[in-house]
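Residue numbers (this note's numbering), protein chains in the order written: chain A, 5 to 315; chain B, 15 to 315.
To be clear, the hints were calculated from the coordinates, so they are not data collected in a lab.
As the structure is a prediction and not an experimental result, all values here were calculated from the model.
Accuracy of the hints is not assured; some may be wrong.
Claimed, not checked - Quick list of in silico lysine-lysine cross-link-like pairs, DSS-like style, CA-CA up to 25 angstroms:
hint, chain 1, residue 1, chain 2, residue 2
1, A, Lys211, A, Lys195
2, B, Lys17, A, Lys125
3, A, Lys306, B, Lys118
4, B, Lys82, B, Lys275
5, B, Lys227, A, Lys306
6, B, Lys243, B, Lys183
7, B, Lys21, A, Lys122
8, B, Lys17, A, Lys122
9, B, Lys21, A, Lys125
10, B, Lys23, A, Lys122
11, B, Lys243, B, Lys275
12, A, Lys306, B, Lys183
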Amino acid sequence: MSTQTHTQRRIRTQTRAKDSEFNLAFQLIAYSVIIILSLMCLLPFLLILSGSFSSNESIVRDGYHLFPTHFSLEGYKMVFKFPTQVLKAYGVTVFTTVVGTTLGLFFITMAGFVLQRKDFKYRNTFSFFIYFTTLFGGGLVPWYIMLANYFNLTDTYTVLIFPGLMTPFLIILMKNFIRSAVPDELIESAKIDGANDFRIYFSIVLKLAMPGIATVGLFLALGYWNDWFTSSLFINNPDMYQLQFYLYNTMNTITFIDQMAIGTGVTLSQDVPTESTKMAMAIIVTGPILFLYPFVQRYFVKGLTIGAVKG
Amino acid sequence: MLKELNKNKIMFLMLLPTLIFFLINSYFPMVGIYYAFTSYDFAGGLFGSPFVGLDNFKFLWQSGMLLKLTTNTVGYNLAFIILGNGLAIFCAIMLSEIRGKLFKKITQSVMFLPYFISFVLLSVIAYNMFNYESGFVNTVLKRFEAGPVDIYNTPWIWVFLIIIFYLWKNLGYSMVIYLAAITGISDEYYEAARIDGANIFQRIWYITVPMLKPTFVILLLFSLGSIMKGQFDLFYQLIGNNGVLYNATDIIDTYVYRSLKVTFDIGMATAAGLYQSLFGFILIMTVNYIIRKINEDYALF
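With the hints as constraints, model all of the structure from the sequences given.
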């Protein structure tokens with residue numbers, strides 16, 4: 005009897021010892037894999053940052069490095085020598101982001117609230133009306149021609165804001181959020197107290213669904229901030245370029261000038277620090293995102309966790 | 015129906031902006047599908063352009079364009095789906111087993127960061143790393159006397175680069191979803207397995223991996239449904255108008271965009287877009303139908 009418990013105990017301690025060995029091995033693998041992948045995620049940012057603080061000459065001579073071989077601020081100086089265009093692009097993007105996100109959130113929250121109401125009879129019909137657009141569409145060209153030629157939206161702020169207002173995915177996300185954050189009984193009792201639907205939405209739903217609203221709002225804002233496509237299609241007036249398209253355009257123009265220089269034998273790169281200017285521009289355009297990222301990313305994580313994988 | 019709407023007037027009004035949005039942004043353009051059957055000229059407009067029947071489709075098919083674009087679009091998407099989910103699941107499992115809380119938090123944030131940057135910055139990164147004269151990769155290769163390599167003129171490299179950049183940008187996002195699924199697994203399973211003497215590899219293989227199956231299947235089905243839709247931003251910002259690389263990297267979306275903006279081939283571009291939309295629609299309906307037969311819980315709609 006006692007020998008048996010003794011062997012049992014011994015086996016148990018043995019497996020435990022084995023287990024902790026496996027654990028150690030696993031932790032070692034896990035830490036190394038995650039560290040390597042994290043570094044790979046950071047490396048490109050470091051390259052751009054380093055390029056923006058390098059002297060143009062050192063980039064042309066030695067190429068891009070992880071750390072500046074010759075520190076210089078000439079790229080940033082070049083960008084801020086003629087700041088009007090960058091500032092205008094900033095203005096356009098901030099304006100469209102703020103207006104678009106606010107309007108979009110207003111519409112999406114209302115739609116999400118209505119579509120999850122069980123006493124709204126046609127909610128499934130309308131849900132399908134929205135969902136169907138992800139299954140089938142007219143394609144890029146008819147959409148473009150309609151907005152440009154029939155609605156005459158070329159070079160307007162409307163076209164920069166309108167297409168990004170909502171997506172079926174965000175509406176479904178919001179619907180799930182509101183369903184899980186606002187109990188049906190609460191809406192019922194508010195109705196009995198005589199509140200109309202908009203009032204219920206405005207004073208109850210908006211407050212309870214705040215984390216969801218933050219997530220959807222960040223998705224919208226990110227979409228507007230990173231948009232270059234709308235400018236490339238609809239905007240001809242350089243004063244109305246969105247920030248990302250301005251960066252895209254600058255990159256292409258500088259490359260074009262460089263190629264011209266090679267073709268004609270006239271080098272510009274001695275006078276204009278083209279390489280470091282490109283990188284400095286990229287940093288200036290991405291800066292706000294990198295700066296805000298640590299504060300907002302948890303809303304993304306939280307939102308995706310609740311909304312996207314509903315069991 | 016009118017009576018019902020009248021009863022819920024306010025709710026209907028609250029939904030109205032959304033309905034109008036999709037009506038204008040998604041349903042109106044469907045009328046323009048007609049361009050696909052015309053030889054579009056700008057003076058004629060929607061119904062003034064000469065009707066050519068299926069000529070646009072015929073040309074796309076006979077030139078071999080349609081086959082090439084379809085192969086590329088579907089091929090890249092398959093690689094994205096398989097490698098993307100595989101890597102995300104692998105990393106999510108690793109990260110979930112790591113004990114250091116702060117380490118976990120920081121690395122997860124770092125890996126999520128690329129998701130937030132614009133595709134234009136992605137093209138700047140590609141330029142910084144791969145351009146011939148001063149790119150980082152060539153700088154390193156030169157040091158080992160193995161380069162420089164003219165990457166922007168070597169199509170096959172871009173097949174890998176596009177996939178790597180896709181993984182780089184999307185890993186954090188899909189990892190968050192899988193991490194959430196892992197967090198949802200009850201601790202009791204692991205406790206029981208530990209008492210039975212299962213080691214950590216066994217616990218992962220026999221508990222975590224099977225428990226991730228529903229999430230994986232849902233994500234898989236969603237992406238299979240949109241396998242005809244290309245990642246336009248990714249391809250266009252990396253390849254742009256670099257014709258040398260088209261054979262290996264042209265997808266339907268980039269072809270349509272170029273036809274619209276560069277060659278002004280409206281009829282052809284609409285035809286390619288319609289083919290994409292229609293083929294995708296049939297595909298998703300078929301996939302959904304089959305899933306309904308097998309397991310209704312997984313059906314998309």
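TODO: Would you mind confirming whether the straight-line C-alpha gap from B/Lys21 to A/Lys125 stays at or under 25 angstroms?
DONE: Holds, at about 10 angstroms.
TODO: Would you check the hint for A/Lys211 and A/Lys195, treating anything up to 25 angstroms between C-alpha atoms as holding?
DONE: Cα-Cα ~17 angstroms, so holds.
TODO: Would you check the hint for B/Lys17 and A/Lys125, treating anything up to 25 angstroms between C-alpha atoms as holding?
DONE: Between B/Lys17 and A/Lys125 the Cα gap is close to 11 angstroms, so the pair holds against 25 angstroms.
TODO: Compare the distance between the alpha carbons of B/Lys243 and B/Lys183 with 25 angstroms, and conclude whether the hinted pair is satisfied.
DONE: Cα-Cα ~18 angstroms, so holds.
Open item on the list: Next pair to validate is B/Lys227 with A/Lys306; report whether the Cα-Cα distance is within 25 angstroms.
Closed with: holds (21 angstroms)
TODO: With a cut-off of 25 angstroms on the C-alpha distance, tell me whether B/Lys17 and A/Lys122 pass.
DONE: holds (17 angstroms)
TODO: For the pair we were handed, A/Lys306 and B/Lys118, check the Cα-Cα distance against 25 angstroms.
DONE: Holds, at roughly 15 angstroms.
- [ ] Quickly compare the C-alpha distance for B/Lys82 and B/Lys275 to 25 angstroms and report which way the hint goes.
- [x] Holds - the C-alpha atoms of B/Lys275 and B/Lys82 are around 21 angstroms apart, at most 25 angstroms.
Task: Restraint check for B/Lys23 with A/Lys122, where alpha carbons must lie at most 25 angstroms apart - done: Roughly 15 angstroms separates the two Cα atoms, so the pair holds.
Open item on the list: Need the status of pair B/Lys21, A/Lys122: alpha-carbon distance at most 25 angstroms?
Closed with: Within the cut-off at roughly 14 angstroms; holds.
Open item on the list: For A/Lys306 and B/Lys183, compute the direct alpha-carbon distance and say whether it is at most 25 angstroms.
Closed with: holds (19 angstroms)
Open item on the list: For B/Lys243 and B/Lys275, compute the direct alpha-carbon distance and say whether it is at most 25 angstroms.
Closed with: holds (19 angstroms)
The structure agrees with every numbered hint stated previously.
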